[in-house]
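Undergrad: Residue numbers (the numbering used here), protein chains in the order written: chain A, 137 to 415; chain B, 400 to 634; chain C, 3 to 280.
A portion of the hints provided could be inaccurate.
What the hints assert, rightly or not - The following label-pair restraints were derived from C-beta to C-beta distances:
#  : chain 1 : residue 1 : chain 2 : residue 2 : range
1  : C       : Gln16     : B       : His497    : 32 to 40 Å
2  : B       : Glu490    : A       : Ala279    : 39 to 47 Å
3  : B       : Glu490    : C       : Gly270    : 24 to 32 Å
4  : C       : Gly144    : A       : Lys409    : 49 to 57 Å
5  : B       : Asp538    : C       : Leu274    : 33 to 41 Å
6  : B       : Asp538    : C       : Gly270    : 33 to 41 Å
7  : B       : Gly526    : C       : Arg240    : 50 to 58 Å
8  : C       : Arg240    : B       : Asp482    : 46 to 54 Å
9  : A       : Pro371    : B       : Arg529    : 49 to 57 Å
10 : B       : Glu589    : C       : Gly178    : 45 to 53 Å
11 : C       : Asp170    : A       : Val388    : 50 to 58 Å
As the list claims (entries may be wrong) - Now the stretches of chain B that chain C is said to cover, found in silico as 3 or more residues with beta-carbon under 8 Å:
#  : stretch
12 : 438-449
13 : 472-484
14 : 593-607
Treat the hints as calculated values from the structure; they're not laboratory data.
All C-beta atoms, glycine included, are put in the ideal place defined by N, C-alpha and C.
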Amino acid sequence: MTEIRFAILDEDAKKEIRRALLKAVSLPGYIVPFASREMPVARGWGTGGMQITLSIIVEEDVLKVIDQGCDGSVNAVNIRDFIVAATGVETSAHTDEASLIQTRHRIPERPLTEEQILVFQVPYPEVLTTVEPDTGRQKQIHAHREYSRLWVLLYEDTAQFGESRISNRYPVEVNGHFVMDPSPIPRYDIPRLDNNPALLLFGAGREKRIYAIPPYTRVKPLVFEDRPFLVESFPGQCCERCGANNVFLDEVHGEDGVHYFCSDTDYCDNHQKRTDHAA
Amino acid sequence: MDNKNSYRLRVHNLSKHFVLHQRGGKRIQGFTDVSFSVRRGELLALTGVSGSGKSSALKTIYRTYIPSRGRIILESDDDSAVDLACCSESEILSYRRHAMGFVTQFLKILPRISALDAVAAPLLENGVDREEARQRAADLLDALNIRRELFNVSPLTFSGGEQQRINIARGVIAPRKLLLLDEPTASLDEDSAGRVLKLLHRLKKQSISMIGIFHDRERMEQVADSEYQMQLERL
Amino acid sequence: MLLDIHSLSKIYGQSCGHCLDETGERQGRSICPQCGSVVAVNRACLQIEGDEILGIVGESGSGKSTLLQLLYRDVEASSGEVFFHVIKDKKNRPVNILDLDMLQTARMRNEMMSMIYQNPRLGLNYLFSAGGNIAEKIIGAGEHRFEKIRNRVHHFVDKIELPGTRVDDYPDTFSGGQQQRIQIAKALSSSPNLLLLDEPTTGLDVSVQARILDLIKSLQKEMGFAMIVVSHDLGVIRHLTDITVVMRHGSIVEYGLTDQILEDPQHGYTQLLVSSIL
Numbered sequence: 137m138t139e140i141r142f143a144i145l146d147e148d149a150k151k152e153i154r155r156a157l158l159k160a161v162s163l164p165g166y167i168v169p170f171a172s173r174e175m176p177v178a179r180g181w182g183t184g185g186m187q188i189t190l191s192i193i194v195e196e197d198v199l200k201v202i203d204q205g206c207d208g209s210v211n212a213v214n215i216r217d218f219i220v221a222a223t224g225v226e227t228s229a230h231t232d233e234a235s236l237i238q239t240r241h242r243i244p245e246r247p248l249t250e251e252q253i254l255v256f257q258v259p260y261p262e263v264l265t266t267v268e269p270d271t272g273r274q275k276q277i278h279a280h281r282e283y284s285r286l287w288v289l290l291y292e293d294t295a296q297f298g299e300s301r302i303s304n305r306y307p308v309e310v311n312g313h314f315v316m317d318p319s320p321i322p323r324y325d326i327p328r329l330d331n332n333p334a335l336l337l338f339g340a341g342r343e344k345r346i347y348a349i350p351p352y353t354r355v356k357p358l359v360f361e362d363r364p365f366l367v368e369s370f371p372g373q374c375c376e377r378c379g380a381n382n383v384f385l386d387e388v389h390g391e392d393g394v395h396y397f398c399s400d401t402d403y404c405d406n407h408q409k410r411t412d413h414a415a
Numbered sequence: 400m401d402n403k404n405s406y407r408l409r410v411h412n413l414s415k416h417f418v419l420h421q422r423g424g425k426r427i428q429g430f431t432d433v434s435f436s437v438r439r440g441e442l443l444a445l446t447g448v449s450g451s452g453k454s455s456a457l458k459t460i461y462r463t464y465i466p467s468r469g470r471i472i473l474e475s476d477d478d479s480a481v482d483l484a485c486c487s488e489s490e491i492l493s494y495r496r497h498a499m500g501f502v503t504q505f506l507k508i509l510p511r512i513s514a515l516d517a518v519a520a521p522l523l524e525n526g527v528d529r530e531e532a533r534q535r536a537a538d539l540l541d542a543l544n545i546r547r548e549l550f551n552v553s554p555l556t557f558s559g560g561e562q563q564r565i566n567i568a569r570g571v572i573a574p575r576k577l578l579l580l581d582e583p584t585a586s587l588d589e590d591s592a593g594r595v596l597k598l599l600h601r602l603k604k605q606s607i608s609m610i611g612i613f614h615d616r617e618r619m620e621q622v623a624d625s626e627y628q629m630q631l632e633r634l
Numbered sequence: 003m004l005l006d007i008h009s010l011s012k013i014y015g016q017s018c019g020h021c022l023d024e025t026g027e028r029q030g031r032s033i034c035p036q037c038g039s040v041v042a043v044n045r046a047c048l049q050i051e052g053d054e055i056l057g058i059v060g061e062s063g064s065g066k067s068t069l070l071q072l073l074y075r076d077v078e079a080s081s082g083e084v085f086f087h088v089i090k091d092k093k094n095r096p097v098n099i100l101d102l103d104m105l106q107t108a109r110m111r112n113e114m115m116s117m118i119y120q121n122p123r124l125g126l127n128y129l130f131s132a133g134g135n136i137a138e139k140i141i142g143a144g145e146h147r148f149e150k151i152r153n154r155v156h157h158f159v160d161k162i163e164l165p166g167t168r169v170d171d172y173p174d175t176f177s178g179g180q181q182q183r184i185q186i187a188k189a190l191s192s193s194p195n196l197l198l199l200d201e202p203t204t205g206l207d208v209s210v211q212a213r214i215l216d217l218i219k220s221l222q223k224e225m226g227f228a229m230i231v232v233s234h235d236l237g238v239i240r241h242l243t244d245i246t247v248v249m250r251h252g253s254i255v256e257y258g259l260t261d262q263i264l265e266d267p268q269h270g271y272t273q274l275l276v277s278s279i280l
C-alpha cells in the first residue's frame, strides 16, 4: 500500500502551484490562474490557502493558522490539525515563532519578518467584479490600468457618505501597477501590507486564482489625494482581557452590552503576560 | 485708418445658374455677368425687377450659392485681397465670422433667448464683457425703438416688424466690414424704417461697406451711394 | 487643422480586393458584386478645423454612423489614415489614430475625443449615478482629487440644467431627455477637442429635441470644441452645423457650407434629399 505522501498533494500538483506562485511574485498583484485541486474540505473553506501552504511547506517549518486573528477557532484548529497530519510539522500560536502562517481575514498584530510567509485565504480574488462582470474585459482593464470605474465607486461613496463604505476587501494598488483585492482583511490591516518584510501569498481555491505581494513592496489603498485613508478606530475602548488599546478589537455583543477584545489572540495572550509581569 | 477711396469688394462677371438633376439636368439661369464695386463706407443698392437675381447675387457673394463663373474680390484693411469665389469652406466660415455679414428679413435665432441676449451675442463672441455687451445691445434696441418691456422676452413672440429690427440689430451690433442687406426695411412702418436708415448712415461713417436690396425706391435713395441694376435674364 | 481623414474605408466581409472599386456612389451600391462584402465607408477624405461644426447626412446605410465609429475607434477601419492633430509623436508629428493601441485609444477618448450616442444606454453606465458617470471621464483624464472632481461634476450638472439635488441619482430615474443631457455632461466633462454626436436627438420628442440642440450649441460656443454631427434630420443639421457632408453608398458625394448644401445643392442625390425633406 502506498504511504501518505508528504503534504498530500502529488509533486506535479505542487510544482504547478509553485510555478503559479513564482509568476505571481514576479508580477505583484497580478492574478494567476491555477488548477485548484480537490481538498478534503469543501471549496470556500480555505482550500486556496491550504493548497499554497501544502505546496511550499517543508519539514522544518513552524506552522501557525488563524481565523480572524484567532488560533483557537474551529476552522483554524481543523486546518492546522489537517496540515500537521499531512506533514508532521511543528506548530505554534506565537507569531514570532512561526515561519509559515495561514490566515483568514487578519494580519497578525506583531510585525512580520523577512523569514516569514503569510498565506491568505481569499474568497473573491478579482477586485473588478463589482464594476465589470466580463472576465475578458477585466483582463483588459488590468492590462491598461484603466481603473476609473473603481474610482467612481469611491467617488460615489465619498459624495453620498463622506468616505468610502468599503469596510473590508479595500482595493489596493500594488507596486504602482495592478489594483488587487487584499482579501477580507479590515481597513486597519491595509497600511500593514505596505512595505511588509514578509512574503504575502493569496490563494482562492474556489475561484482557482493565486496572487502575491513580494517582501518590501509598495502597497497603497485607492484613496483621493485630498482625502485621508481612514481605518477602524476604537476611541476610548481597550481589550477587556489584556487592556491593549492600540490594536484591532472585536466587538462582542452580549446581553449586558458591548464588550471589546483583541482580535489577535496571540497578541492578547502576550500582552496579558507582560502586564501581569509588570504588576 | 481706412483709405476711403479704396474698394472693399469688386465683383467681376459674376454668373450663377442652377442645374436641376432631378429634372433631367434642366438649367435655370440666375444672373449673368454681374460686375460692380463697392468702396469703403459706401452703400451700393442692387435694383432690378423681380426675378432679376438680386437676392441670388447677395447669396452668391456670401457663398450660400456656389458661383458658376466670375470673381468676388474682397479686400481687407491691409489691402490684401481674396477671391471669395474660390475660397475653401473653412476660409469662407472665417470671413463670415470676421469680414462679412448677412442681414436677411427672416429671424433665425435660438428659442428661449431674450431679445437683449440675442442682440448682445455677437459682441460676446468678440470677447466684449457681458455687462457692456448688454448695455450696448440695449442702446441699439432703444435706437430702433424696441420697447424696453420686450428686452427680456424671446423675439420669436414678436411682431414681424419687431423681429426684423431685432435681426438688423444682431447684424450690425458688431458689424463686419462688408454687410449684405436683403430688404432690411421690408415690413417696417415709416418711423422704424427711418430709424434703420439712420443706423445705416452711421455704419457708413464707420467705413462699413454695404450692398443692399430695398423694396422701396424712396428709402433706397435716402441711403444708397450708388446703384447697380440687375437685368432680367432672357431665356 | 484638427482632423485629417485620408481615404478611410470599412469593409465588412472577406474583401476580394476589388470591393472599393466595385461599390460607392458611382456604382450605385455598397455590396460588392464579386464577393458580397459590404463596403460601409468607401475611401472617405475629410478635413476639419479646430472650431468647426460638421454635419454628416445621408439615408440609413449610407455609412455615416460607421464613419463616426471609425473615428472613435468603436469599429476597426479596413484601410486609410486619420490624423488627429492633438495627438503627436515624439517628433511632434501627428499620429495616425488608427494605429493607437488600446491604452492610447482610452486616453484619446478620456481626454480629447468624446462620443454622444443616440441611445444613452451606450454612453452611460447605469450602475453608476449621474454624477458618477460624469466623474468617470474626469477621473479617466487623470484627476484624483475628490473636491476637484465633485466641483467639476456640479459645474456640468448646472450646465445641463439638471437640479443639483439629483446629482447622485441613477440614470434610470431620469427621463429620456435628461439621460441625454447627462450623456452630454459626461462627454464634455473632460473638455474634449472633438465631440462626435450620432443622431443625438432622434427618439426624443420635438420640444425636448430643440432644447438639447440649443444646449449643445451654447456649450460649443462657450467651450469651443469641434463637432461632427451625424443625423438624417436636415433640421438638426441646419440648426447645428457650419459645414455639411452628404454620404451615399459609403461615399462622400458632396461637401459644402451647410447653407449652400441646403439652398444650392450640386449633386443630384443632395438635390433629391433636400427637396424631399423641405
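Undergrad: Each hint needs a verdict: does it hold in this structure or not?
TA: Evaluation of the provided hints:
no. : hint                               : verdict
1   : C:Gln16 with B:His497: 32 to 40 Å  : violated, 51 Å
2   : B:Glu490 with A:Ala279: 39 to 47 Å : holds, 45 Å
3   : B:Glu490 with C:Gly270: 24 to 32 Å : holds, 27 Å
4   : C:Gly144 with A:Lys409: 49 to 57 Å : holds, 52 Å
5   : B:Asp538 with C:Leu274: 33 to 41 Å : violated, 48 Å
6   : B:Asp538 with C:Gly270: 33 to 41 Å : violated, 50 Å
7   : B:Gly526 with C:Arg240: 50 to 58 Å : violated, 27 Å
8   : C:Arg240 with B:Asp482: 46 to 54 Å : violated, 27 Å
9   : A:Pro371 with B:Arg529: 49 to 57 Å : holds, 52 Å
10  : B:Glu589 with C:Gly178: 45 to 53 Å : holds, 50 Å
11  : C:Asp170 with A:Val388: 50 to 58 Å : violated, 36 Å
12  : 438-449                            : violated (count 0)
13  : 472-484                            : violated (count 0)
14  : 593-607                            : violated (count 0)
When held up to the earlier numbered hints, the structure conflicts with 1, 5, 6, 7, 8, 11, 12, 13 and 14 and fits the remainder.
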